[in-house]
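Colleague: From first to last, the protein sequence lines stand for chains C and W. Going by numbering that gives the first Met the number 0, the first residue of the first sequence is number 0, and it counts up by one from there. Going by numbering that gives the first Met the number 0, the first residue of the second sequence is number 0, and it counts up by one from there.
Any given hint might turn out to be false.
[Said to hold, decoys possible] Covered, in the sense of this in silico footprint (three residues per stretch, anywhere, with C-beta under 8 Å from a C-beta of chain C), are these stretches of chain W:
| id | stretch |
| --- | --- |
| 1 | 5-15 |
| 2 | 40-51 |
[Said to hold, decoys possible] FRET-style restraints, in silico, Cβ to Cβ:
| id | chain 1 | residue 1 | chain 2 | residue 2 | range |
| --- | --- | --- | --- | --- | --- |
| 3 | C | P40 | W | A54 | 36 to 46 Å |
| 4 | C | G66 | W | N1 | 37 to 47 Å |
| 5 | C | N53 | W | A54 | 32 to 42 Å |
| 6 | C | E126 | W | A54 | 19 to 29 Å |
| 7 | C | A122 | W | A31 | 35 to 45 Å |
| 8 | W | A28 | C | K144 | 20 to 30 Å |
| 9 | W | N1 | C | M153 | 22 to 32 Å |
| 10 | W | R24 | C | K144 | 39 to 49 Å |
| 11 | W | P30 | C | E67 | 42 to 52 Å |
| 12 | W | H4 | C | R60 | 33 to 43 Å |
| 13 | W | A31 | C | E92 | 34 to 44 Å |
| 14 | C | K144 | W | N1 | 15 to 25 Å |
If you're looking for bench data, these hints aren't it; they were derived computationally from the structure. Using N, Cα and C, we set each Cβ at its ideal position, and we do this for glycine too.
Here is how the chains run, residue by residue.
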Amino acid sequence: MDGDPWDRVYRFALSLSRHTQDAEDLTQECFLRINRQTTPPEQPLAWCFRVVRNLWLDRCRQREVRGEDAGQDLGSLSGNERDPAVVASFNEELTRVWRHMMDLPDRQREVLYLRAIEQMSAAEVAETLQLSHANVKATLSLARKRMRETCDPMPSEESRS
Amino acid sequence: MNCCHQLDDYLDGELTTAEATEFLRAAAACPACSESLRRDARWNKSLRTAWSQVASEHVMGEPRPTRAGVIEEVWQRTDASEHSSPIGRSTRVGPGVWIAAIVAVGAVVLFSSWIVTSWLEPAAPDVAVEPIEPPEETSPWRTDFTTIESPSDVRVDGDHIGITAIDNDEFTFVIVYPVVSTGATDKQSVH
Ligand SMILES: [Zn+2]
Numbered sequence: 000m001d002g003d004p005w006d007r008v009y010r011f012a013l014s015l016s017r018h019t020q021d022a023e024d025l026t027q028e029c030f031l032r033i034n035r036q037t038t039p040p041e042q043p044l045a046w047c048f049r050v051v052r053n054l055w056l057d058r059c060r061q062r063e064v065r066g067e068d069a070g071q072d073l074g075s076l077s078g079n080e081r082d083p084a085v086v087a088s089f090n091e092e093l094t095r096v097w098r099h100m101m102d103l104p105d106r107q108r109e110v111l112y113l114r115a116i117e118q119m120s121a122a123e124v125a126e127t128l129q130l131s132h133a134n135v136k137a138t139l140s141l142a143r144k145r146m147r148e149t150c151d152p153m154p155s156e157e158s159r160s
Numbered sequence: 000m001n002c003c004h005q006l007d008d009y010l011d012g013e014l015t016t017a018e019a020t021e022f023l024r025a026a027a028a029c030p031a032c033s034e035s036l037r038r039d040a041r042w043n044k045s046l047r048t049a050w051s052q053v054a055s056e057h058v059m060g061e062p063r064p065t066r067a068g069v070i071e072e073v074w075q076r077t078d079a080s081e082h083s084s085p086i087g088r089s090t091r092v093g094p095g096v097w098i099a100a101i102v103a104v105g106a107v108v109l110f111s112s113w114i115v116t117s118w119l120e121p122a123a124p125d126v127a128v129e130p131i132e133p134p135e136e137t138s139p140w141r142t143d144f145t146t147i148e149s150p151s152d153v154r155v156d157g158d159h160i161g162i163t164a165i166d167n168d169e170f171t172f173v174i175v176y177p178v179v180s181t182g183a184t185d186k187q188s189v190h
């Protein structure tokens with residue numbers, strides 16, 4: 000996805016955290032860090048995505064230690080209920096698809112984001128998230144299958160769910 | 000069908016141009032692959048539209064002074080000597096300091112954005128086919144959201160092949176591939 004690097008990092012942060020406040024914080028922290036780099040990373044955007052992800056995982060761990068909501072499991076709240084401001088401008092279709100993506104398991108959500116929205120190849124996603132290529136491919140396959148089933152269910156899938 | 004085991008590789012962007020072209024031709028005749036591609040194209044389009052509307056409030060508006068962590072960072076960078084007291088800073092902050100900190104955060108943000116922008120190579124693809132133009136969101140090799148049931152138009156222009164694909168009259172996508180081998184061979188292969 001084209002756009003301002005800040006927004007691209009912010010969107011990735013939002014896809015991880017599912018909260019605008021967390022996403023803002025993660026993005027700011029990431030840009031402060033990149034600003035401190037004496038030599039620019041070879042692939043700044045991939046570098047930012049990695050930093051944001053690590054910051055987010057740290058934050059989740061800290062919250063878990065403090066017994067707070069780690070952001071990983073928000074109970075029955077779905078994406079748009081957590082962050083109504085984000086979906087305020089969406090029509091019904093966009094809201095529905097957005098919610099289905101936000102309801103994906105964390106790993107599926109992050110790889111799908113990088114593949115579908117940032118349009119990275121599976122190999123690039125693997126490198127960015129420092130996961131194995133096979134893991135990314137398997138996760139992407141599951142994520143797409145689930146998106147197909149939830150966003151555009153066939154009659155048999157509808158009756159299953 | 001032979002195509003089905005290649006569906007994920009295709010959607011992962013891992014097929015070569017020739018393989019992708021061959022896959023799409025086979026998938027057009029395969030109900031399972033066609034259906035998966037059709038459904039993927041649909042949610043993918045909505046998802047991309049949704050995400051394109053998401054922007055950081057920070058960019059859209061003023062940075063908010065409630066970002067204690069960020070203010071702290073900027074403080075350390077710009078004002079360390081003046082505010083090195085171990086006393087909690089929040090009790091010592093006057094409005095001038097907040098304004099300075101906000102301005103400094105803005106400067107850091109703008110500068111960082113500029114750095115990243117300047118590091119990033121222009122994303123524009125180095126291919127162009129006349130009169131077929133790829134839609135803005137499409138670039139070569141990125142055919143994740145493309146489905147071809149019946150390629151309605153195939154054009155070969157020098158080093159590039161453009162394929163217009165129409166799906167259920169809902170979406171029209173154009174794929175532009177650089178021709179890897181000789182033009183004549185590739186031209187025949189897509190007909
Ligand atoms: Zn097939």
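Colleague: Taking the hints in turn, state whether each one holds.
Modeller: These are the hints, each one checked on the structure:
As drawn, the stretch 5-15 of chain W meets chain C at 5 residues by the rule of a beta-carbon pair under 8 Å; at three or more, the given contact holds. Three residues within the 8 Å Cβ limit are the bar, and the stretch 40-51 of chain W against chain C gives 10, so the coverage statement holds. For the hinted restraint 36 to 46 Å between C/P40 and W/A54, the CB-CB distance of approximately 24 Å leaves it violated. For C/G66 paired with W/N1, a C-beta distance near 54 Å fails the hint of 37 to 47 Å.
A beta carbon spacing of about 24 Å between C/N53 and W/A54 contradicts the range 32 to 42 Å that was offered as a hint. Distance hint check: the CB atoms of C/E126 and W/A54 are about 27 Å apart, consistent with the given range 19 to 29 Å. Take C/A122 and W/A31: their Cβ atoms lie about 26 Å apart, and the range 35 to 45 Å is violated. In this structure the hint that W/A28 and C/K144 lie 20 to 30 Å apart at CB holds, the actual value being about 22 Å.
Distance hint for W/N1 and C/M153: a CB-CB separation of about 23 Å, consistent with the stated range 22 to 32 Å. Remark: the range hint 39 to 49 Å for W/R24 to C/K144 is contradicted by a beta-carbon distance near 24 Å. Remark: the range hint 42 to 52 Å for W/P30 to C/E67 is upheld by a beta-carbon distance near 49 Å. A hinted range of 33 to 43 Å for the beta carbons of W/H4 and C/R60 is consistent with their spacing of about 39 Å.
A beta carbon spacing of about 25 Å between W/A31 and C/E92 contradicts the range 34 to 44 Å that was offered as a hint. At roughly 20 Å, the beta-carbon separation of C/K144 and W/N1 lies within the given 15 to 25 Å, and the hint holds.
Hints 3, 4, 5, 7, 10 and 13, counting from the list given before, are not met by this structure.
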